Amino acid sequence: MSQLMGVGVLLGGLVAVLLAFAPQVSGSLVRSRARRLPRTLSPRMEEEWLAELDAMLSRPSQLAFAIALTLTRRHSFSIDEDSLFATPSRPPVTVATIGGWPSVLIASTMAFAAIAYGASFLVLPMYLSTARIRVVPSRIPEAFVESPVRLPWHDRLQRVSEQVLSQTSLERLILDADLYRAIPPAGAAVPVSAGDIARMRRDIDFQLLPDGQSFEVSYLSPDPQTAMKVAERLAGLYIKTSVADRELIAHASSQFLDAQIDDVRSRLLSQAAEIRSAVDVHAPDVDVERLEHEQLTSIYRGLLMKREHLLISANLEQRALGEWFTVLDPARVPETPISPNRLLIAGEGAAAGFFLGVTMMLAGRRGSFQRLKKAMART
Amino acid sequence: MPPTVRLSHQGLRMLLAFLDAFNEDVRAELAGAELMRLARLSSGTLYPILLRFEKAGLFESRWEEETPESLGRPRRRFYRLTHAGAQVAHDALGELSPPISDGAFKPRLSRASR
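Protein chains in written order, with my numbering: chain H, 1 to 379; chain C, 1 to 114.
Source of the hints: derived by calculation from the structure; they are not laboratory data. Bear in mind that the values here come from a model prediction, so they are computed numbers and not experimental data. There could be a bad hint or two in this list.
[Said to hold, decoys possible] Per label pair, the in silico range of CB-to-CB distance: (1) C/63 x H/106: 48 to 58 Å; (2) H/31 x C/90: 35 to 45 Å; (3) H/13 x C/67: 38 to 48 Å; (4) C/67 x H/18: 29 to 39 Å; (5) H/5 x C/63: 19 to 29 Å; (6) C/25 x H/70: 14 to 24 Å; (7) H/21 x C/83: 36 to 46 Å; (8) H/122 x C/69: 43 to 53 Å; (9) C/94 x H/122: 55 to 65 Å; (10) C/25 x H/122: 51 to 61 Å; (11) H/60 x C/60: 26 to 36 Å; (12) H/31 x C/60: 23 to 33 Å.
[Said to hold, decoys possible] Computed from the model, here is a short list of chain H residues facing chain C with C-beta under 10 Å: (13) 52; (14) 123; (15) 126.
[Said to hold, decoys possible] If you only want the chain C side, here are some residues facing chain H, beta carbon under 10 Å, derived: (16) 46; (17) 51; (18) 63; (19) 65; (20) 77.
Ideal Cβ positions, reconstructed from N, Cα and C, are used throughout, including at glycine.
Isolated chain H, as found in the complex:
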């Protein structure tokens, strides 16, 4: 889509320049056309055409006038007897039914295709570098050590992606790799704009692969080396962020358990003191309090057990023995650009030219028939 916009802007610029210099361009074309006519006609037509151009107020009309004359074959201006009265070389039915419109269609289609193809060389080539990352399952069986990270890996990947594509993370990457900005003056710090962040997000592509065990991260850049370096950095960021995320989950679980253990412990201690006082005064509900104390003790044991498991799990994450990401195919320097697709652009140009030709044909034929009908009605 951006390629199309680029070509559109280019064609628009070309049209604007042509319109700005329409009188000069049209005058030159008309003079050149007139000079290629037979000598008997040349001076007259040059003067006549320049006068007509002068009388035209609209610049597009001037250009259309001059271009149409330029494209007309020299032979068409021949006024010898044969050309006046000879039988047309084409069968009349052909002229009657299709006239000169097929040539207009072909010419507009080919001209637009050629212009679009030519314009595609002015579009900046873009290179894509991709790193493939594999998700490696935990090397310690789940039955042996239960991981505190319960999210499936593809859900967790979503969380990791959000962190990798966060403004802070991308800002650092943009500054490190000097992306999207003109070279700043020595020592000057140029802040990263929101537009740069948005553009970087557009240039990064992230895809889960059909094997269900790996994913790809790609980066698009006009420079192949930069594309490779940034894709490599992104792959590293995914791995680093994933490890940090797992450690964070394990740490948060551990902190929660510690708080719970402290709470239950203090309640146990205060209950034990109450039971001792109740025994001393022979209180009647001492048995009930003992029962509650046993219940709390059991909960406390369970919490201690969980904390031990959690410590082992955290240790597992720190040693990178749990589920982890590894680079399967590192990013490479791309050899060929992925865009612009010149054939596609030429095809789109051809389609636009064909559409324009058909529109001109329909408008022209409908208009001429209507005028003929009106004229017939008057006579």
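Starting from the structure of chain H, add chain C where the hints point.
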């Protein structure tokens, strides 16, 4: 006897544009740009036909009388339908009439005769 010339679709459109002007004023004169507008023809189509028809006597033309110096611009050339041209135009329209009355408008856009 009017001259018999080869009439194309575009030639006929130009004759009709002239005929409109001629019906309003028999001395009506048109310049190239006005003709292009009235007949809806491009310059590349119009001028070859104009030259051929002028040679065949259907039109006559003249330069603007004032000099370019006095006008402050190039002189324009004006074209006028001759009586022979008007006759040819009427004849051509006469041949086009029946298909229109039948409701199926398929004009013969080109004819060859000598």
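Against the structure, the hints:
Between residue 63 of chain C and residue 106 of chain H the beta carbon distance is about 39 Å. The supplied range of 48 to 58 Å is therefore violated. Between residue 31 of chain H and residue 90 of chain C the CB atoms are about 39 Å apart, so this pair conforms to the stated range of 35 to 45 Å. Here the CB-CB span from residue 13 of chain H to residue 67 of chain C is close to 41 Å, well matched to the stated 38 to 48 Å. At roughly 33 Å, the beta-carbon separation of residue 67 of chain C and residue 18 of chain H lies within the given 29 to 39 Å, and the hint holds.
Checking the proposed 19 to 29 Å range against residue 5 of chain H and residue 63 of chain C shows it is violated: the Cβ atoms sit about 50 Å from each other. For the pair residue 25 of chain C and residue 70 of chain H, the beta carbons lie near 34 Å from each other, so the given range of 14 to 24 Å is not met. A C-beta distance of roughly 45 Å is found between residue 21 of chain H and residue 83 of chain C, which places it inside the suggested range of 36 to 46 Å. For residue 122 of chain H paired with residue 69 of chain C, a C-beta distance near 46 Å keeps the hint of 43 to 53 Å intact.
A beta carbon spacing of about 57 Å between residue 94 of chain C and residue 122 of chain H agrees with the range 55 to 65 Å that was offered as a hint. Taking the beta carbon of each, residue 25 of chain C and residue 122 of chain H are about 54 Å apart, inside 51 to 61 Å as hinted. For the pair residue 60 of chain H and residue 60 of chain C, the supplied restraint of 26 to 36 Å holds, since their beta-carbon distance comes to about 31 Å. A hinted range of 23 to 33 Å for the beta carbons of residue 31 of chain H and residue 60 of chain C is consistent with their spacing of about 26 Å.
Here the hint on residue 52 of chain H is kept, as its CB sits about 5 Å from the closest CB of chain C, short of 10 Å. Of the supplied interface hints, the one on residue 123 of chain H is violated, with its beta-carbon coming no nearer than about 33 Å to a beta-carbon of chain C, more than 10 Å. The closest approach between the C-beta of residue 126 of chain H and any C-beta of chain C is roughly 41 Å, which is over the 10 Å cut-off, so the hint fails. With a cut of 10 Å, the hint placing residue 46 of chain C at the interface with chain H holds, because the nearest CB-to-CB distance is about 9 Å.
Taking 10 Å as the C-beta contact cut-off toward chain H, the hint placing residue 51 of chain C at the interface holds, the least distance being around 5 Å. For residue 63 of chain C, the interface hint holds, the least distance from its beta-carbon to any beta-carbon of chain H being 8 Å, beneath 10 Å. Given the 10 Å rule on beta carbons, the hint for residue 65 of chain C is violated: about 14 Å separates it from the nearest Cβ of chain H. Hint on residue 77 of chain C holds. Least Cβ distance to chain H is approximately 5 Å, under the 10 Å limit.
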